[in-house]
Amino acid sequence: MATKILSVDDSRTIRMIVGRTFKPYDCQICEAGNGEEGLAAAAREKPDLIILDVTMPVMDGVTMLGKLKEDPALKTIPVIMLTAESGRENVLQIAKLGVRDYLVKPFKEEQLIEKASRIVTLQKKPAA
Amino acid sequence: MNDGASYLELSRRYGFAPKLESASRLTQLVSRQDADLDEIAKVINKDPSLRARLLRVANPEAENEAEYAVETVEDALMRNGMGCVLVLAMSTPLAAALIKTFQTMLSLKIEAVDPRTAAPLTGEHLLCNIDFSGKVVGHVLLRLSHDAGRLIAAGILGTTPEEMKDLNEVRDVAGELLNIMTGNFKSNLCDAGLECKLSPPDVRSTGDFSPPVARAGSIEHMAFQSGKIQIFVDVTANPWSDD
Chain A
9 MATKILSVDD
19 SRTIRMIVGR
29 TFKPYDCQIC
39 EAGNGEEGLA
49 AAAREKPDLI
59 ILDVTMPVMD
69 GVTMLGKLKE
79 DPALKTIPVI
89 MLTAESGREN
99 VLQIAKLGVR
109 DYLVKPFKEE
119 QLIEKASRIV
129 TLQKKPAA
Chain B
748 MNDGASYLEL
758 SRRYGFAPKL
768 ESASRLTQLV
778 SRQDADLDEI
788 AKVINKDPSL
798 RARLLRVANP
808 EAENEAEYAV
818 ETVEDALMRN
828 GMGCVLVLAM
838 STPLAAALIK
848 TFQTMLSLKI
858 EAVDPRTAAP
868 LTGEHLLCNI
878 DFSGKVVGHV
888 LLRLSHDAGR
898 LIAAGILGTT
908 PEEMKDLNEV
918 RDVAGELLNI
928 MTGNFKSNLC
938 DAGLECKLSP
948 PDVRSTGDFS
958 PPVARAGSIE
968 HMAFQSGKIQ
978 IFVDVTANPW
988 SDD
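Keeping their order, the protein sequence lines are chains A and B.
The numbering of the first sequence is our numbering, which starts it at 9 and goes up by one.
The numbering of the second sequence is our numbering, which starts it at 748 and goes up by one.
There's no promise every hint is true.
Straight-line alpha carbon distances no greater than 25 Å define the calculated SDA-like cross-link-like pairs of lysine to any residue that follow [claimed, not checked]: (1) Lys104(A) <-> Phe763(B); (2) Lys123(A) <-> Gly902(B); (3) Lys12(A) <-> Asp79(A); (4) Lys123(A) <-> Leu904(B); (5) Lys912(B) <-> Asp955(B); (6) Lys116(A) <-> Gly27(A); (7) Lys54(A) <-> Ile85(A); (8) Lys766(B) <-> Tyr33(A); (9) Lys975(B) <-> Pro867(B); (10) Lys944(B) <-> Gly41(A); (11) Lys793(B) <-> Arg779(B); (12) Lys116(A) <-> Glu768(B); (13) Lys123(A) <-> Arg759(B); (14) Lys789(B) <-> Glu812(B); (15) Lys766(B) <-> Arg108(A); (16) Lys123(A) <-> Ala843(B); (17) Lys77(A) <-> Tyr761(B); (18) Lys54(A) <-> Leu105(A); (19) Lys856(B) <-> Lys975(B); (20) Lys83(A) <-> Ser758(B); (21) Lys116(A) <-> Pro867(B); (22) Lys882(B) <-> Val66(A); (23) Lys83(A) <-> Leu130(A); (24) Lys104(A) <-> Lys975(B); (25) Lys133(A) <-> Asn42(A); (26) Lys912(B) <-> Asp949(B); (27) Lys116(A) <-> Glu756(B); (28) Lys104(A) <-> Lys912(B); (29) Lys31(A) <-> Leu855(B); (30) Lys116(A) <-> Arg28(A); (31) Lys104(A) <-> Lys132(A); (32) Lys83(A) <-> Arg126(A).
Some chain B residues close to chain A (C-beta under 10 Å, calculated; not the full set) [to be verified]: (33) Ser753; (34) Phe763; (35) Glu916; (36) Gly922; (37) Glu923; (38) Ser934; (39) Cys937; (40) Pro947.
The set of hints was computed from the structure by calculation and includes no laboratory data.
Backbone N, C-alpha and C fix where the C-beta goes; we use that ideal spot for every residue, glycine too.
Based on the provided sequences and hints, a complete structural model is requested.
Set out below in C-alpha cells:
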C-alpha cells in the first residue's frame, strides 16, 4: 500500500517540490494550504506522515501541530516541520509539542527523503 | 517529544547549519538599548565585507569609495546610529539564504555584486515585498526581471523557462524565495530578543522603481548575479519600534 504523505504549506511552489521529491517512491501525496485545511485533511486522509510549514495564513503550523497532538485520533501521526524559521523559541516550542524532525528551507530533496525515510517506509516505484 | 533538550542539542539533532557568527553577534549588540558603539565597531572592523557594506550604507550618494565622506566605521556609527548596523545584521543572513537557496535548490552559484555598478533593471519587472513589524519595523524588497523569474521558477520546479508560461507560478516561486530569505533573518532577530512578525509576500509586476522609504542610514541596497539572472534587494529597518 502506498505511503500517504500530507504536505501543508501555503506556497504552491513548496507543495510542488514536495510532490516531485516523493514521485519516484510509492507514495500518495495530499496537499493543504494552511493549518485549518491541514487538520481537516489529516482527519480525512489519516496520512502516514505530515510535512508542515510554520508561517501560513488562517492557521499557522505551530497551532496546527498543537491541535493535532491534542486529538487522540491524530496525535500519533508523525510530523516533519519544513520551514525557513529556526529561531530558538520557535524550535523549542515545536519540539515540545512533539515534532519528529525539522528541516530548514532552503533544502535539498535528498534531505527530505532522508528524514522521511527514518519515519516511514519509502519504496521505490518499479522502473516503467 | 522534546526530552528537555536545549536549543543547541535540538540544532544538532535536526542538523541545522550553524548561524553566521558576525550577524548573530551584531544583532545581539544592537538589540540592547545601551549598545556599546566601540564593541560594535570592533565586530564590524574584524569583517572586511561588513566594513565595506557599512561604509556603502553610510555614503548613499557616493558612486565609489573615492567619494566617501564617511571613511571609518566609528564615524559611520556616530553619524548613522544603530539603524544602519541593524540593516547590516539583517542583510547578512538574508544574502546568505539567497546564495544557499541558489546552491541547494537550483545548483547555481550566485554572487553579491556592487549594486552601484550592476546593470540596472528596466521596464516591467517583478517586485516582491515582505513587511516586518514588532520590535523592528521595515521591509525587504526583491526585484528581478520576468525572464530571471522564469529561469528561477523553472530551475526550482524542475522544468524549462519556455514551459513557465503562467506568471502566477513565477510569482509564487519569487514569493517563496523571499519567504526563505526573510525567514532566516527573522530567526536571527528573534534570537536576539527583537521579536517581529513577517507579512505574507506581496508579488506583482510593476514598472515603478521608487526606492523604499526609510530613516536615513537604515537602507541597504544589494545586488546579486548568476549568469543571466540579476536580483536586486533593498532592506530597510527601524529598530526599537513600539509597534
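Taking the hints in turn, this is what the structure says about them:
1. At roughly 17 Å between alpha-carbon atoms, Lys104(A) and Phe763(B) fall within 25 Å of each other, so this suggested pair holds.
2. For the proposed pair Lys123(A) and Gly902(B), the alpha carbon gap of about 23 Å is at most 25 Å, so the pair holds.
3. For the suggested pair Lys12(A) and Asp79(A), the alpha carbons sit about 19 Å apart, so the restraint of at most 25 Å is met.
4. Restraint check: the Cα-Cα separation between Lys123(A) and Leu904(B) comes to about 21 Å, which is no more than 25 Å; the hinted pair holds.
5. Restraint check for Lys912(B) and Asp955(B): satisfied, since their Cα atoms lie roughly 23 Å apart, inside the 25 Å limit.
6. Distance restraint check for Lys116(A) and Gly27(A): the Cα-Cα separation of roughly 13 Å lies within the 25 Å cut-off, and the hinted pair is therefore satisfied.
7. For the hint pairing Lys54(A) with Ile85(A), the CA-to-CA distance comes to about 8 Å; that is within 25 Å, so the pair holds.
8. The hinted pair formed by Lys766(B) and Tyr33(A) fails the criterion: a straight-line CA distance of about 33 Å is larger than 25 Å.
9. A distance of roughly 13 Å separates the Cα atoms of Lys975(B) and Pro867(B); the hinted pair therefore holds under the 25 Å criterion.
10. Only pairs whose Cα atoms come within 25 Å are accepted, and Lys944(B) paired with Gly41(A) is accepted, the gap being roughly 20 Å.
11. With a C-alpha separation of about 21 Å, the suggested pairing of Lys793(B) with Arg779(B) holds against the 25 Å cut-off.
12. For the given pair, Lys116(A) sits about 24 Å from Glu768(B) by alpha-carbon distance, which is consistent with the 25 Å threshold.
13. At roughly 14 Å between alpha-carbon atoms, Lys123(A) and Arg759(B) fall within 25 Å of each other, so this suggested pair holds.
14. Restraint check for Lys789(B) and Glu812(B): the C-alpha separation of about 21 Å stays at or below 25 Å, so the hint holds.
15. Under the criterion of a C-alpha separation no larger than 25 Å, the hint pairing Lys766(B) with Arg108(A) is consistent with the structure, at around 22 Å.
16. Annotation: proposed proximity of Lys123(A) to Ala843(B) holds, straight-line Cα distance about 24 Å (limit 25 Å).
17. Proposed proximity of Lys77(A) and Tyr761(B) is supported: the alpha carbons are some 20 Å apart, at most 25 Å.
18. Among the hinted pairs, Lys54(A) with Leu105(A) is consistent with the structure: their alpha-carbon atoms are about 19 Å apart, no more than 25 Å.
19. Simply put, Lys856(B) and Lys975(B) have alpha-carbon atoms about 12 Å apart, close enough for the 25 Å limit, and the pair holds.
20. For the given pair, Lys83(A) sits about 24 Å from Ser758(B) by alpha-carbon distance, which is consistent with the 25 Å threshold.
21. For the proposed pair Lys116(A) and Pro867(B), the alpha carbon gap of about 32 Å is over 25 Å, so the pair is violated.
22. Using a Cα cut-off of 25 Å, the hinted pair Lys882(B) and Val66(A) holds, with the two alpha carbons roughly 23 Å apart.
23. As the CA atoms of Lys83(A) and Leu130(A) are separated by approximately 22 Å, the hinted pair is consistent with the 25 Å bound.
24. Restraint check for Lys104(A) and Lys975(B): the C-alpha separation of about 45 Å exceeds 25 Å, so the hint is violated.
25. For the hint linking Lys133(A) to Asn42(A), the alpha-carbon distance of about 30 Å lies beyond 25 Å, and the restraint is violated.
26. Restraint check for Lys912(B) and Asp949(B): satisfied, since their Cα atoms lie roughly 20 Å apart, inside the 25 Å limit.
27. For the proposed pair Lys116(A) and Glu756(B), the alpha carbon gap of about 22 Å is at most 25 Å, so the pair holds.
28. About 44 Å separates the Cα atoms of Lys104(A) and Lys912(B), which puts this hinted pair outside 25 Å; it is violated.
29. Proximity of Lys31(A) to Leu855(B) is assessed by CA-CA distance (about 23 Å); at most 25 Å being required, the pair is judged to hold.
30. Under the criterion of a C-alpha separation no larger than 25 Å, the hint pairing Lys116(A) with Arg28(A) is consistent with the structure, at around 12 Å.
31. Our distance criterion of 25 Å between C-alpha atoms is broken by Lys104(A) and Lys132(A), whose separation comes to about 33 Å.
32. As the CA atoms of Lys83(A) and Arg126(A) are separated by approximately 18 Å, the hinted pair is consistent with the 25 Å bound.
33. Against a cut-off of 10 Å between C-beta atoms, the interface hint on Ser753(B) holds, since the closest Cβ of chain A lies about 8 Å away.
34. With its C-beta approaching chain A no nearer than about 6 Å, Phe763(B) sits inside the 10 Å limit, and its interface hint holds.
35. A least Cβ separation of about 7 Å between Glu916(B) and chain A falls short of the 10 Å threshold, and the interface hint therefore holds.
36. At its closest, the beta carbon of Gly922(B) sits 7 Å from a beta carbon of chain A; the interface hint therefore holds under the 10 Å criterion.
37. Restraint check, Glu923(B) versus chain A: the minimum CB separation of about 4 Å is within 10 Å; hint holds.
38. Checking Ser934(B) against chain A by beta carbon gives a least distance of about 4 Å; that is within 10 Å, so the hint holds.
39. Interface restraint check for Cys937(B): the shortest CB-CB distance to chain A comes to about 4 Å, inside 10 Å, so the restraint holds.
40. Taken as an interface hint, Pro947(B) checks out: its beta carbon lies about 6 Å from the nearest beta carbon of chain A, inside 10 Å.
In this structure, the earlier hints numbered 8, 21, 24, 25, 28 and 31 are contradicted, and the remaining ones agree with it.
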